[in-house]
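With chain A held as given, fit chain B onto it using these hints.
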Amino acid sequence: MTMQQEVLPLNGMARPDTGHYRGDHLLLAEMVERGSKVLDVGCGDGDLLQLLESRGIDGRGIELSREGVNRCVAKGLAVVQGDADTDLVNYPDDAFDYVILSQTLQATRQPRAVLENLLRIGRRAIVSFPNFGFWRMRLQLLVGGHMPRTENLPATWYDTPNIHFCTIKDFVQLCDEINVKMERAVALDLYGRPLRVNMPWWFWNMFGEQGVFLLSRAEKTK
Amino acid sequence: MVNVQSIPSPAIHPDERSQEADHPSSQVALFGMDQPLPLDCGIDLAPFQIAYQTYGELNAARSNAILVCHALTGDQHVANLHPVTGKPGWWETMVGPGRPLDTDSYFIICANVIGGCMGSTGPASTNPATGKLWGLDFPIITIPDMVRAQAMLLDRLGIDTLFSVVGGSMGGMQALQWTAAYPKRVFSTLAIACSTRHSAQNIAFHELGRQAVMADPDWHGGRYFEQGTHPHRGLGVARMAAHITYLSDAALHRKFGRRMQDRDLPTFSFDADFQVESYLRHQGSSFVERFDANSYLYLTRAMDYFDIAADHSGVLAQAFRGIQTRFCVVSFTSDWLFPTSESRALVHALNASSARVSFAEIETDRGHDAFLLDVPEFFDISRAFLQSAGKARGLTGTGKP
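For the protein sequence lines, the chains are A and B, in the order given.
For the first sequence, the numbering used here assigns the number 126 to the initial residue and increments by one for each residue that follows.
For the second sequence, the numbering used here assigns the number 6 to the initial residue and increments by one for each residue that follows.
Bound-form chain A, shown alone (with noise of 0.2 Å):
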């Protein structure tokens, strides 16, 4: 675990739970510049982009289920239908200031195509995804023998959409393979709170519920 001397700290970071907005929301959001342009895929019901917009951030989306978006081309947002793992592809490259993937990585068929494309499209990428190294996901497969169910993941294994679940130290790893540069990393707890900076890797493999990772391209001198 090399990498940790790379993660810069996120600094002035809102607290979590602020107003209405979930707190994974708002740290994501503080990832993001003032004024830049992002695509959120995967964006759900638009709660991101609504934060994201009520920020001065020129925001769109992409979701895959119709009902998704149609709820948010009625709150007003530019969202279309579309799928992450087949229409990225159509997004031309550096249209995008940021390219956020909230929660949606461990849902797409070729995660790391996917993350190649994010990449591409947008100059930085911010994913956030639920970390199966979390000690509840452990203790349940291996105390319960059954495959873990959380609050955040209460789906059963035959009826989940989510086929490609990672751990913390899995995603490092696949960043430092495609030659990601991470700017920033952050674990958070069960309650979207950050855990502290200065803990090791497996420490935030072990505690972190879920990770967030503020990406962008590597120099080509690996």
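These are calculated hints, taken from the structure and not from any lab test.
These numbers come from a predicted model, not from an experiment.
Watch out, some of these pointers could steer you wrong.
[As the list claims (entries may be wrong)] Selected chain B positions facing chain A (in silico; Cβ < 10 Å):
id: 1; residue: G327
id: 2; residue: I328
id: 3; residue: R331
id: 4; residue: S339
id: 5; residue: R349
id: 6; residue: A354
id: 7; residue: L355
id: 8; residue: N356
id: 9; residue: S358
id: 10; residue: R388
id: 11; residue: Q392
Idealized CB from N, CA, C, for every residue including glycine.
Quick look at chain B alone, frame taken from chain A:
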């Protein structure tokens, strides 16, 4: 001999309808010899006229105007009783006080397209050079020609920028053409159940309709008005075929199934035994009461020629490069005339142009015609899109700046 029943003659005499072509029950903008309409076919059309209806009030800043573009067989009578049929306007569900296109907030304009037969110059109008009806002497017109004429109307009305241009089907084509041709004049675009180019299948259906009209002996090479006839059978068949494409298998089955019309047993004839036959014949015969056969030929042709990308080196995204207009694209799941894939291609091009675009596909079994029907989800999306665009435009809740 087996009983045969063809499409009945229209109840309204063709003369009654043709009055509307020259002297419409609408406001008319006249353009003289000094203001010709340059057509894509190379001809300058002059003089010509545009018949239009307006609803609501233009605000002081002239910033709340919405242009509604009508579909192939629509006209400018969006939200008032139709002068020929006496029926309600074709989009009263969408346009009116408190409706998504709220006449309390917006100034709505709808003009009969050039080539139409409800008061804008077309083949059913009198050619001032000869004193006779244009008929097939009328030049071929295109969707860009229609839009160019509408732009001249807006100049006449003193409206520089449209708050929105809204249309479904052929109206959606015009809305897209408007945005591609005059991006600075269009603040937002609501394009419904349409495409940036007419597909081979759609051209094929149009050709079927045209051939049906031209095969009717009453068509007389397009000079039927001189013979005191109207090719109502040919035009009726064209309408029946087209109408099937506006519906869906599921909708037809739900509405009619195999049910019989006023009888329990088949008559063993070619009478309209099935309800669906009776319905189609009614669609055919009521259409010919209000529509001119030659106009149908011209307008279907205009749709066939439509291909925005072709005018931009074959690259659709080029047509919308750097565009600031806000788009909302809507398709319907059961629409097989303008399927969702066509809308998706448009959305991809708009994304590639970095345009601000929303795209919703509405689930319905009602086919292409869904945009004219009571589909609440579609209304919600249209309303929200216009409201959020209005906010960006600085329109207040009442549409007054």
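Against the structure, the hints come out as follows:
no., hint, verdict
1, G327, "13 Å, violated"
2, I328, "13 Å, violated"
3, R331, "7 Å, holds"
4, S339, "13 Å, violated"
5, R349, "8 Å, holds"
6, A354, "9 Å, holds"
7, L355, "9 Å, holds"
8, N356, "6 Å, holds"
9, S358, "9 Å, holds"
10, R388, "8 Å, holds"
11, Q392, "6 Å, holds"
In this structure, the hints that do not hold are numbers 1, 2, 4, in rising order.
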